[in-house]
Amino acid sequence: MQAFVKRVRNGDEIAYAITFLCAFAVIAITALLVFELYRNSEPSRVKFGWSFLWTKTWDPVAGEFGALPFIYGTVVTSAFAMILGIPLGVGAAIFLAELAPPRISSGLTFLIELLAAVPSVIIGVLGVFILLPFLRIVQPYIQGALGWTPLFAGPFYGVSLFSAGVVLTIMILPFIISISREVLLSVPNDQREGALALGATRWESTWDVVVPFARKGIVGSIFLALARSLGETMAVTMVVGNDPKISASLFAPGYSIAAVIANEFTEATGDLYQGALIELGLVLFALTIVINGAARILVASTTKRGTS
Amino acid sequence: MTRNTIGAIIGIALLAGAASAQTLINGAGATFPYPMYSKWFDSYHKKFPTIQFNYNSIGSGGGIQQVTAGTVDFGASDGPMNDTQIKDFKDKRGAEILHFPTVLGADVPVYNIPGVSSQLNFTPEALAGIFLGQIKKWNDPAITGPNPGVKLPANDIVVVHRSEGSGTTYCWTDYLSKISKEWETKVGRGTSVQWPVGLGGKGNEGVSGQIKQQPNSMGYVELIYAVQSKMTYGKVKNAAGNFVNATLESVTEAAGSVKDMPDDFRVSITNAPGKGAYPVATFTWLLIPTKIADPVKKKAITDFLHWMLTEGQTMTAALDYAPLPKPVIAKETKAIAKIN
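Quick mapping for you: the protein sequence lines, in order, are chains A and B.
Each residue of the first sequence is one higher than the last, beginning at 4 in the working numbering.
Each residue of the second sequence is one higher than the last, beginning at 783 in the working numbering.
Treat the hints loosely; a few may be bogus.
With a cut-off of at most 20 angstroms between alpha-carbon atoms, the simulated SDA-like pairs for lysine to any residue come out as follows [stated by the list, open to error]:
(1) B:LYS994 with A:LEU134
(2) B:LYS960 with A:ALA120
(3) B:LYS968 with A:GLY69
(4) B:LYS963 with A:LEU134
(5) B:LYS919 with A:GLY220
(6) B:LYS872 with A:GLY273
(7) B:LYS994 with A:ALA65
(8) A:LYS248 with B:GLN916
(9) B:LYS994 with A:VAL141
(10) B:LYS960 with A:VAL64
To be clear, the hints were calculated from the coordinates, so they are not data collected in a lab.
Since we're looking at a predicted model, the values are computed, not measured.
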């Protein structure tokens, strides 16, 4: 008892209680969110069951709803953004943290952090007025080189899964770069010095010692970027074409889960229609968990023993 | 010094007292008439400083829901409430809901065809065919027929529609449903529909932006948007067989030429019979319960309705909204008495 009083006086117990409440609040909010999504999507869950997940129709007039085109669009645009964004982002972070002169590094980092603060609707507008006209010029060359694959075939109207992927790449880059850079900078100098003392070149010390040491933090930044790209709404809806069809080509228009919710929720009348949109929210939540989980398993299984 | 302070405190207290005597009336709903409503509510507040309207343009669907849930004093919608919604309102609120048309809107076909700058004529068949994806090229006889002298290219038509649920889309699809049986059965009318062809642009600006960038494209935007952004738009052949340019007059005539205006004003005025009536037009409505418990609010709302139908109607043209035709105003004035 006395020990407890002493601990309270020292603030340990109070700090414990407060931080516990903070952590609990986050979990409670998430749980409530899922519960509300589940509860409000009842009309749609009852009517369509699991087939909601693989139905391709989205017909508000007839009251037939399926999530597949939106799941497809969300996954494809995010995957595209990750494929483009991870090498670019990690490469830039390595340069800024390890190789660039400090003055250039801090200047560029400031600019990159500014980019993270740009609201997504601004990125969307820039996407419509600058990126789309630019992609219209570039697209024939990409199609000329890669048009033989179904991924890059077919007509191009500017708005497309491809454009949405490029916009998402721009949006997730600052997350990957600024967090990865911080993590790389926090790698203790002993590591670098040790590698150099063993005769490694600067690049060898960076790539073989510093980057593996910072691996966990870099992966964390990628997860954050992935979550952002899966849930991004405004910028995507402005450039994706908003057409709920599944096409193999990246140049075809598509749709994403977040975009259709933002587009249709305000005017959705009737319990079933609203329920279907809310169920889409639930699907997006589940999708995020599944993709994140899969990525974590992938990372865990490829991490070499002994490295952190 | 102290006396001044006390005076100031009393002054502030008096002001606060005056402010609390203000009647605040909350509404929510359609985005299309929002500029008009905010102008009206602002002018009305200047005229009667004790009455303050607060309007949230959250969309027609949200307006219907909130007025049904009783969280706002009135709703607003670009499409009339259907019978299920009216019954739902009656069950939940124990009163009727009244529809009051306020202004008129219209949709116009807009296009971007390189080398064509003249105003095109569209027949109902051509519009339905294009939006069903059956008319695929600009030089299709259904389009070239009513446009002699215009050289239309053999290029594919790229259709652009609204991506988000909107009253504009309801008006457009309602029109297509009236003129094409196939559209009615395959697609139907709604604020969002399953489009057979086309790309989705967000908002009027999204549709027009996409059309400006994409050669050989066409879509539909609100008349007001087309006028204010100086876009070229096509004429549409009406039920009387004339190609009509969308203007404030031709849109008002569409509302005036509807035969047998129902007592609840829940009527679609697309494809109206008038000679000069523009066929793709719609009312937008205020949704007001018949029972308003607070007598002060009731008086404020009925007074506002009278004002809106008289002085308010003279302010519409400045914002490019079409005013209501006289017979409709007369009929609405009578309907205000239903609020008790």
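These are the hints, each one checked on the structure:
no.	hint	in the structure
1	B:LYS994 with A:LEU134	holds (15 angstroms)
2	B:LYS960 with A:ALA120	violated (48 angstroms)
3	B:LYS968 with A:GLY69	holds (18 angstroms)
4	B:LYS963 with A:LEU134	violated (41 angstroms)
5	B:LYS919 with A:GLY220	violated (54 angstroms)
6	B:LYS872 with A:GLY273	holds (16 angstroms)
7	B:LYS994 with A:ALA65	violated (32 angstroms)
8	A:LYS248 with B:GLN916	holds (18 angstroms)
9	B:LYS994 with A:VAL141	holds (19 angstroms)
10	B:LYS960 with A:VAL64	holds (15 angstroms)
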